[in-house]
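Working from the sequences, and respecting the hints, build out all of it.
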Amino acid sequence: MAKTEKIEGGIYKQSGYTNEAFQLDGFDSHENVPPDYKTATHHDKQQEHSESSTVNKETEWGGRLEFLMACIATSVGLGNVWRFPFTAYENGGGAFLIPYIIVLILVGKPFYLLEGLLGQFTNRSCAKTWYMTPAMKDYVAHRDLLLGLGYSQAFAGFCVVSYYCALMALTLYYLVMSFQSELPWKVVLQEYESIENGIGAPSWQLAICLFLSWACIFGVLFRGVKSTGKVVYFLALFPYVVMTALLIRAVTLEGAVNGILFFVTPKWDALWKPTVWYAAITQCFFSLSVCFGPIISYSSYNNFGHRVDRDVMIVTTLDTFTSLMAGCTIFGILGNLAHEMGTTDISKVVRGGTGLAFISYPDALSRFTFVPQLFAVLFFVMLFVLGIGSAVALCGAVFNVFCDHLPRVRPWLVVLGVTSFGYVVSLIYITPGGQWFITLVDYYGGTFVAIIVGVLEMITIFWMYGLSNFLNDMEFMLGKRLGIYWRSCWLLITPLLMIVILIYTCATYEPLMYDGVRFPDYAYGQ
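Throughout the sequence shown, residue numbering follows the numbering used here, covering 1 to 526 in sequence.
Mixed in with the good hints there might be a few duds.
Calculated cross-link-like contacts (lysine to any residue; reagent style SDA-like; alpha-carbon spacing at most 25 Å) [unchecked claim]:
{"no.": "1", "residue 1": "Lys-480", "residue 2": "Leu-467"}
{"no.": "2", "residue 1": "Lys-480", "residue 2": "Arg-64"}
{"no.": "3", "residue 1": "Lys-226", "residue 2": "Ser-420"}
{"no.": "4", "residue 1": "Lys-348", "residue 2": "Leu-324"}
{"no.": "5", "residue 1": "Lys-226", "residue 2": "Ile-314"}
{"no.": "6", "residue 1": "Lys-230", "residue 2": "Leu-378"}
{"no.": "7", "residue 1": "Lys-273", "residue 2": "Ala-507"}
{"no.": "8", "residue 1": "Lys-273", "residue 2": "Ile-105"}
{"no.": "9", "residue 1": "Lys-267", "residue 2": "Val-500"}
{"no.": "10", "residue 1": "Lys-480", "residue 2": "Leu-491"}
These are computed hints drawn from the structure, not numbers from a lab. Since we're looking at a predicted model, the values are computed, not measured.
Written as structure tokens, this is what we have:
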């Protein structure tokens, strides 16, 4: 059995091998020799893992299933219900599934596993994870600059969760109003056609709902992983119960088949459009929540030897299945709406963006002859639970970054500070001009940042730190060598695809527009 020797600085050396991830100072990568991983015991790995952590984590997940449920609750969120169906419809219908599945296999799964392994291996937040790369001293003068990569992830995650909570507030408002005889979408909230003359004042009703949304996030996070682990089962499983009920109801409606066929019928010429592949990349990132911080954050609570690779395959496959299930459900009910309106053109009842979930779909539900209020309540409860699952994960990643830098501050105070600040920021989205800011922040604060972070992640880990070093670290942790599929994607396929997408994004950049109207120049400065 190998002897694990403690050397200076709290670092462990085993069989002549010093694990690079834990040697933060004074490391010379040229002196490192190949390890004998077969002699490492589970106790040795656990001991090295615990000695390495600089994050004050008093506990891990209560069981193996908690991490899996947390990842499902994170990845299966609002994006599957209101973003994927319209994105697929807008980018070739059924043909969009081809680039999406290709992107999922070559980009989504490798990224998800990478972030899961990083968090579990380093036991740190998305910011301090990047201390695992001592070899960066050969390339940059100050390794602390790499913290910017982690901060960018947290920033993108906060941008997304800030408007996610606004959508949750709208969902909660619709949910409450669904118990009344007059459904709220029959009286459309005033929306500004332009933001040239200001954005207006926040709706007080939505401000209350927004407060309740952030309060729910605080309630889940205030005790850290202890409280999160208790609710992830409900957050992960309950939406499937409701979605199954809605799907069964959808396929029994007149015109539902036309709606589903409209959703899945491929437009093959769309496959040759670069915009379709770009949409597949962004939807994959958004749906799986990679490059936003939560996967690293959640996996950092894992046992050191946890088989995270198995969980990744389950979550990424289930996420795609859920997106298809949600698409068939929504377009089946929209097919019924078109039938009730006496038209066969489904596109006339489809609204883009948030309008799909908050205008088109509710309008269809209101026309149900059998207890429309019941299905409206179920739908909005499902949306709210999906939103909580994603928002808790995104906000939790930001919370962990602050905890890394404020170890003496009580965690619940950090959660209170993050959620309070988030509430203030989110108020801008519940103004009459709020949709303009959702569009702006979604692109520049979320999607665009995530693509840049994704490129830098791949370059930093696999081209600078080195694929061989990374694989050695993972073999030390998992007790096995990762397969050729992962190695091929990480070394060449995924980084090159990401670089091509980033170059394409920059080369074809056009000023952002909402509802056919261009944003004023000052909006970008804000």
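We went through each hint and held it up to the structure:
no.: 1; hint: Lys-480 / Leu-467; result: holds (15 Å)
no.: 2; hint: Lys-480 / Arg-64; result: holds (19 Å)
no.: 3; hint: Lys-226 / Ser-420; result: holds (21 Å)
no.: 4; hint: Lys-348 / Leu-324; result: holds (21 Å)
no.: 5; hint: Lys-226 / Ile-314; result: holds (24 Å)
no.: 6; hint: Lys-230 / Leu-378; result: holds (23 Å)
no.: 7; hint: Lys-273 / Ala-507; result: holds (15 Å)
no.: 8; hint: Lys-273 / Ile-105; result: holds (20 Å)
no.: 9; hint: Lys-267 / Val-500; result: holds (24 Å)
no.: 10; hint: Lys-480 / Leu-491; result: holds (18 Å)
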